[in-house]
Amino acid sequence: MQPEASLEERVARADAESVGAGLDALDTPLSERATGPAAVAKRLAARVLPPVVAIALMIGIWQALWAAAIWEEYKLPAPSAVWANIWSLVTTGKIVDLFWVSVHRAVIGFAISLVIAVPLGLAIANLKVVRRGIGPLVSGLQSLPSVAWVPAAILWFGLNDRAIYWVVLLGAVPSIANGLVSGLDQVPPILPRVGQALGASRLGGIRYILLPAALPGFLGGLKQGWAFSWRSLMAAELIATSPDLGEGLGQYLHNGMSLSDISLVFAGIILIFVVGVGIELLVFRPLENSVLRSRGLTRST
Amino acid sequence: MTATVEAQRVRTEAQQAVRFDGVGKVFGNGKQSVVALDQVNLQVEAGEFVCLLGASGCGKTTLLNLVAGLDNASSGTIDLSSSRPAVVFQEPALMPWLTAAGNVELPLRMAGVGRSERRRKAAALLDLVRLGGLGGKRPHELSGGMRQRVALARALASTADHTSNGDAQKPSLLLMDEPFSALDAITRDVLQAELLRIWRATGTAILFVTHDVREAVRLGQRVVLLSSRPGRVVREWNVDGLTGGSEVSTVDEINAELRRVISSHAA
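Residue numbers (the numbering used here), protein chains in the order written: chain A, 1 to 301; chain B, 302 to 568.
Among the clues, some could well be false.
Unchecked claim - Ranges between beta-carbon positions, derived for each pair:
1) B:Ser357 <-> A:Val48: 48 to 58 angstroms
2) B:Arg421 <-> A:Pro50: 48 to 58 angstroms
3) B:Arg421 <-> A:Val274: 43 to 53 angstroms
4) B:Asp513 <-> A:Pro51: 49 to 59 angstroms
5) A:Ile112 <-> B:Ser382: 45 to 55 angstroms
6) A:Leu30 <-> B:Thr544: 32 to 42 angstroms
7) A:Leu30 <-> B:Asp485: 11 to 21 angstroms
8) B:Asp513 <-> A:Pro136: 41 to 51 angstroms
9) A:Arg202 <-> B:Trp398: 13 to 23 angstroms
10) B:Arg421 <-> A:Ala25: 24 to 34 angstroms
To be verified - Which chain A residues face chain B? A few, computed with CB under 7 angstroms, are given here:
11) Val19
12) Val194
13) Ala197
Stated by the list, open to error - Once the Cα atoms are required to be at most 30 angstroms apart in a straight line, the calculated BS3-like pairs of lysine-lysine come out as:
14) A:Lys128 <-> A:Lys223
15) B:Lys438 <-> A:Lys223
16) A:Lys75 <-> A:Lys94
17) A:Lys223 <-> A:Lys42
18) A:Lys94 <-> A:Lys223
19) B:Lys332 <-> A:Lys128
20) B:Lys438 <-> A:Lys42
21) B:Lys438 <-> B:Lys422
Keep in mind the hints are simulated off the structure, nothing from the lab.
For glycine and all other residues, C-beta sits at the position ideal for the given N, C-alpha and C.
If we strip away everything but chain A, and leave its shape as in the complex, we get:
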């Protein structure tokens, strides 16, 4: 199409190219993340040190309050007594059983919730009738404490695993479904339009555009869903205790109350806290961080 370019044209074009290359170099956002062992160690220290110091401080205050003997021993246990309880669980290996009973229930409950919540969320987000019909219901269920279902679940299913799973489901399904709905709602409308212009079919558009675009919101929902299922499970275990159910962390806590052993109660609370936070930190936080970072949506913490 183009006839032989004259010298001036070629000079002009070379000039335009170098301007373009210069603009590219100048306008490219700089990545401020330093690498190298020293920088990584520094970042790690900045991340780890503050919570460690905070925990140490809290234990110090606790120890001081206990030493001051303001409350009786059966109300506020010594940190060392609580630690002794936990340590004996560790040395006897009983802690593995406790964790196993509770965590496997939470994981199974969470998995079933996921299977129910994803189609539910997709239906609410995509079908107007469904959204109007059960959308508010699902949002409302999220604010209903799922522990309120424990009496009904026991009357329906008896004191067994099914009752516990029922309570966990009612805690986790609404938050996972809501997370997916808000993730899908927040997809910029230009993206599906671009997909259509690029020749996406209806299914292709959902698979290649909508679902990946909704992933950050969905992950947030998953995280919240985990927190809700863990919470509901502990409430259910605490209330529905029976020899058939095996001993999980909730029952352990309940035993402490029955025995009026405050150090056992504290140990139970700490273990429940550790598991809940541990799974969030080990599973959901890294997942969320990697998704956000790859999209340039880095979070401050």
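Add chain B to chain A, keeping to what the hints say.
Leaving out everything else, chain B in the frame of chain A:
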């Protein structure tokens, strides 16, 4: 110097990328309805660069949406003899979870093109927009101009004929909806030159929507002025190869006409 062509041009038998015959588009119905386009007759020849010019509300974007198949016309016919038109929007709208190369590969993936073939085509298209070697970057790591070039490469990937190699019988068509209006002046200037280079290299027909008269005259072979509400073709100018004084006088003339069209709405 400036050949003013009537809206109803005598059509040649040359192959056309797209042809509008009495196309109308009405939004809503009853008293609330808005006529966006009315009796639009327009054609883009294979390999031609046409700029659609008009003030806001003239239905430029509606027109592009009709060609792109994102919307349906209320009346009239659109003959699209090109393969699926490629569309570049005002925003790059890159998928943030994909790399630059991943974005270019996306239309190929949705069309079921094999992995190695996809890689090869994406690399070639990134080279075409001078982003060779940057395929691994994420959209947030690129500048605005670079993102828009990735969007252009992606659009070109969507139009490429995936079944046969090379000799595509159908003319290709690129639709651009104010693609440079969100960029700063110098980036816009560089990208305009890039677009002309790519147009010459690929031989694709381009229908380019803009509200910038200077841009339209610089880029297009033909400038089509649309009126606003309803959008009708007011006038066409042949601006191919204009330089220097004649370019300036044409810009002035089109500007005057555009102002006249806009001020007719004041009453």
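Hints, verified against the model:
no.	hint	in the structure
1	B:Ser357 <-> A:Val48: 48 to 58 angstroms	holds (55 angstroms)
2	B:Arg421 <-> A:Pro50: 48 to 58 angstroms	holds (50 angstroms)
3	B:Arg421 <-> A:Val274: 43 to 53 angstroms	holds (52 angstroms)
4	B:Asp513 <-> A:Pro51: 49 to 59 angstroms	holds (55 angstroms)
5	A:Ile112 <-> B:Ser382: 45 to 55 angstroms	holds (54 angstroms)
6	A:Leu30 <-> B:Thr544: 32 to 42 angstroms	holds (40 angstroms)
7	A:Leu30 <-> B:Asp485: 11 to 21 angstroms	holds (18 angstroms)
8	B:Asp513 <-> A:Pro136: 41 to 51 angstroms	holds (47 angstroms)
9	A:Arg202 <-> B:Trp398: 13 to 23 angstroms	holds (20 angstroms)
10	B:Arg421 <-> A:Ala25: 24 to 34 angstroms	holds (27 angstroms)
11	Val19	holds (6 angstroms)
12	Val194	holds (5 angstroms)
13	Ala197	holds (4 angstroms)
14	A:Lys128 <-> A:Lys223	holds (26 angstroms)
15	B:Lys438 <-> A:Lys223	holds (29 angstroms)
16	A:Lys75 <-> A:Lys94	holds (25 angstroms)
17	A:Lys223 <-> A:Lys42	holds (28 angstroms)
18	A:Lys94 <-> A:Lys223	holds (28 angstroms)
19	B:Lys332 <-> A:Lys128	holds (27 angstroms)
20	B:Lys438 <-> A:Lys42	holds (27 angstroms)
21	B:Lys438 <-> B:Lys422	holds (17 angstroms)
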